[in-house]
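Enquirer: Letter by letter, the chains look like this.
There are 2 protein chains.
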Amino acid sequence: MKIAIDAMGGDFAPEQNIVGVKLALDEFPDVSSFQLVGDQKIIEEELKKHALSTNNSRIEIIHASQTITMEDSASAAIRKKKDSSMSVAAKLISDKKANAVVSAGHTGAAVSATVVFNRMLPGIDRPGIASVFPAPKGPFIMLDIGANVDCKPLHLAQYAILGEAYSRIMLNIKNPRVGILSNGSEAGKGNELTRESSRILQSLPIRFLGNVEGADLFGNKVDVVLCDGFLGNVVLKCCESLAKAISGILKENLKKSPVRMAGALLSKNAFLELKELTDHQEYGGAPLLGIDGICIIAHGSSSAKAIKNAIRVATEMIKNKYNETVIDKISKIDWKKGLEC
Amino acid sequence: MKIAIDAMGGDFAPEQNIVGVKLALDEFPDVSSFQLVGDQKIIEEELKKHALSTNNSRIEIIHASQTITMEDSASAAIRKKKDSSMSVAAKLISDKKANAVVSAGHTGAAVSATVVFNRMLPGIDRPGIASVFPAPKGPFIMLDIGANVDCKPLHLAQYAILGEAYSRIMLNIKNPRVGILSNGSEAGKGNELTRESSRILQSLPIRFLGNVEGADLFGNKVDVVLCDGFLGNVVLKCCESLAKAISGILKENLKKSPVRMAGALLSKNAFLELKELTDHQEYGGAPLLGIDGICIIAHGSSSAKAIKNAIRVATEMIKNKYNETVIDKISKIDWKKGLEC
Numbered sequence: 001m002k003i004a005i006d007a008m009g010g011d012f013a014p015e016q017n018i019v020g021v022k023l024a025l026d027e028f029p030d031v032s033s034f035q036l037v038g039d040q041k042i043i044e045e046e047l048k049k050h051a052l053s054t055n056n057s058r059i060e061i062i063h064a065s066q067t068i069t070m071e072d073s074a075s076a077a078i079r080k081k082k083d084s085s086m087s088v089a090a091k092l093i094s095d096k097k098a099n100a101v102v103s104a105g106h107t108g109a110a111v112s113a114t115v116v117f118n119r120m121l122p123g124i125d126r127p128g129i130a131s132v133f134p135a136p137k138g139p140f141i142m143l144d145i146g147a148n149v150d151c152k153p154l155h156l157a158q159y160a161i162l163g164e165a166y167s168r169i170m171l172n173i174k175n176p177r178v179g180i181l182s183n184g185s186e187a188g189k190g191n192e193l194t195r196e197s198s199r200i201l202q203s204l205p206i207r208f209l210g211n212v213e214g215a216d217l218f219g220n221k222v223d224v225v226l227c228d229g230f231l232g233n234v235v236l237k238c239c240e241s242l243a244k245a246i247s248g249i250l251k252e253n254l255k256k257s258p259v260r261m262a263g264a265l266l267s268k269n270a271f272l273e274l275k276e277l278t279d280h281q282e283y284g285g286a287p288l289l290g291i292d293g294i295c296i297i298a299h300g301s302s303s304a305k306a307i308k309n310a311i312r313v314a315t316e317m318i319k320n321k322y323n324e325t326v327i328d329k330i331s332k333i334d335w336k337k338g339l340e341c
Numbered sequence: 001m002k003i004a005i006d007a008m009g010g011d012f013a014p015e016q017n018i019v020g021v022k023l024a025l026d027e028f029p030d031v032s033s034f035q036l037v038g039d040q041k042i043i044e045e046e047l048k049k050h051a052l053s054t055n056n057s058r059i060e061i062i063h064a065s066q067t068i069t070m071e072d073s074a075s076a077a078i079r080k081k082k083d084s085s086m087s088v089a090a091k092l093i094s095d096k097k098a099n100a101v102v103s104a105g106h107t108g109a110a111v112s113a114t115v116v117f118n119r120m121l122p123g124i125d126r127p128g129i130a131s132v133f134p135a136p137k138g139p140f141i142m143l144d145i146g147a148n149v150d151c152k153p154l155h156l157a158q159y160a161i162l163g164e165a166y167s168r169i170m171l172n173i174k175n176p177r178v179g180i181l182s183n184g185s186e187a188g189k190g191n192e193l194t195r196e197s198s199r200i201l202q203s204l205p206i207r208f209l210g211n212v213e214g215a216d217l218f219g220n221k222v223d224v225v226l227c228d229g230f231l232g233n234v235v236l237k238c239c240e241s242l243a244k245a246i247s248g249i250l251k252e253n254l255k256k257s258p259v260r261m262a263g264a265l266l267s268k269n270a271f272l273e274l275k276e277l278t279d280h281q282e283y284g285g286a287p288l289l290g291i292d293g294i295c296i297i298a299h300g301s302s303s304a305k306a307i308k309n310a311i312r313v314a315t316e317m318i319k320n321k322y323n324e325t326v327i328d329k330i331s332k333i334d335w336k337k338g339l340e341c
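Those protein sequence lines, which keep their order, are chains F and A. Start counting the first sequence at 1; every next residue gets the next number (the numbering used here). Start counting the second sequence at 1; every next residue gets the next number (the numbering used here).
So that you can see chain F by itself, here it is in the shape it has in the complex (with noise of 0.2 Å):
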């Protein structure tokens, strides 16, 4: 297994990525090559600074001259920045140097540069991004939440396809039950495109529940949640957004009175344990889904221990052919069925 990593996209690069790479050498035996994608000269005095040769036969440097910011737009980014990282890690898988590549970077451009330089897998219009959200009976899954803002009913039935797929190869649920965020669960509720989805989505060979609304979102209903992605973006955002506002919050409380803080050290663990649950570093960064080639988008701000666990998931949607499940389900998928309903 070959993993490219964009070593210069996210918050905290290269160091962090670096150090997470660092982190995947010793955890995942399996991978033959980390190719490290960036400035070589940063790059090799990154290396040195954690004590990794630049001679171990694991690591490969190769070298891209340009970075793309936040400030750049995504489509601009890879039409006027060809050298970038992201987009020189994005070609060597469509080269077949690399199985799979892992960035922090900008996600827009991570899309693009992904969706530019590789096919999309055959039966697939659209990539979706799937992010993993913690609930109290264990995580299910949402897509889009961001690579797609415009879509249409098919897009939504492909992405069923996906997170299906998934949810039971990656997080080990036998039959995953699929859902689409709605605004009511009732079969009437919805809008103009989740009434016409779901039309289509009750003709595939998933089992297909319907609508969720936003109140059973974290209520274990179902594994997967299907969205289109600017709907997806905005309550991924919204409820971390939430989760911070009320720890902000729970916080200022807690430092009101004495003895309040000595309630809050005694019970500290339950806090920290709550923390570790929601903790986005724990999930390994976000699949890009639907691309002839495996792409893990890892948080902006992600750490050390981000970078390598975003490596670990593209690791397991290697050995567990993710990708080639997928195709196989979609062959026997007869899409007419479904739009003539």
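Possibly wrong hints are sitting among the right ones.
Claimed, not checked - Calculated cross-link-like contacts (lysine to any residue; reagent style SDA-like; alpha-carbon spacing at most 20 Å):
id	chain 1	residue 1	chain 2	residue 2
1	A	LYS251	F	ILE249
2	A	LYS256	F	ALA262
3	A	LYS237	F	LEU209
4	F	LYS268	A	GLU252
Unchecked claim - What follows is a list of derived Cβ distance ranges for each label pair:
id	chain 1	residue 1	chain 2	residue 2	range
5	F	SER94	A	GLY123	48 to 58 Å
6	A	LYS48	F	GLY188	33 to 43 Å
7	F	LYS174	A	LYS48	38 to 48 Å
8	A	LYS251	F	SER257	16 to 26 Å
9	F	LEU272	A	SER32	49 to 59 Å
10	F	GLY123	A	SER257	36 to 46 Å
11	A	ARG119	F	GLU192	25 to 35 Å
12	A	LYS321	F	SER185	36 to 46 Å
13	A	GLY138	F	SER33	49 to 59 Å
14	A	LYS152	F	GLU15	42 to 52 Å
It is worth saying that the hints were derived from the structure and are not from the lab. Glycine is no exception: its CB is placed at the ideal position from the N, C-alpha and C atoms.
Based on the hints, put chain A in the right spot on chain F.
Expert: Structure of chain A alone, referenced to chain F:
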């Protein structure tokens, strides 16, 4: 001021609704009449149970033989149950027999009944439900949270006027900042609806700050958040669901050892303060804005306190001349200017 109360709507109706009115009788002396709409016999029994005289000059029972249940579809309920408590209450406003209506029943039916029996304010095409959200530095409002699922750009622009006035008049924000909920804060981000809406919003005489992304929702960057009713409903309910999940997990974690339990006990007030801040019962229901009349939609699970607070919001909207302010502001807007942009 005369306030009509849908006595039969809500999970804990009619009891909590009647007790809510009992609290309101004392607290809001300027309300000359509380019109309890619903089954006369049931209401009379409930009044008796709570030591309220049917001869009280400030209480009036308006008989309605039917009740809309959660199983009814919104539009069918209004069409078929012509003598439902919600429909009868909504008619009281259009007949100028009441200034406002409060209901904790079926939200869709409350919207339908209010729209069917009342005119819209001049210049407003669709009503929108505004919800007050707590945030660390003070509350903000979001609309629409469910009245109008498939919105047009012009509807969002009208919501801006409705929401801005609400924030100014009801939440005492001097010069409210208005934003549109999107998948990124940069100007180019968004879907077709938000991009088109933004063009119109820029031409309005309000403090429009452009996109507000999910990550900033609870960051007090704007005072009024605009979105279509589908997105708003999903986000509102996801937030409620997440808050519940977090508190559920934390509770479980705190029960895991006697030390943690002792700690939780000491810091109990910090949790209570958080609960109070996020308690929907304090906010008194969500106003249905844009109609010629006042309609407050209380949470389905409203307690007496929530009903009383919903009545408070209704009285304040009347006293503060909310609708008059909107009519004045909207009459001065040249909508074509925005549409030509």
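Enquirer: Quick one: which hint numbers does this structure break? Sort them smallest to largest.
Expert: 7 and 10
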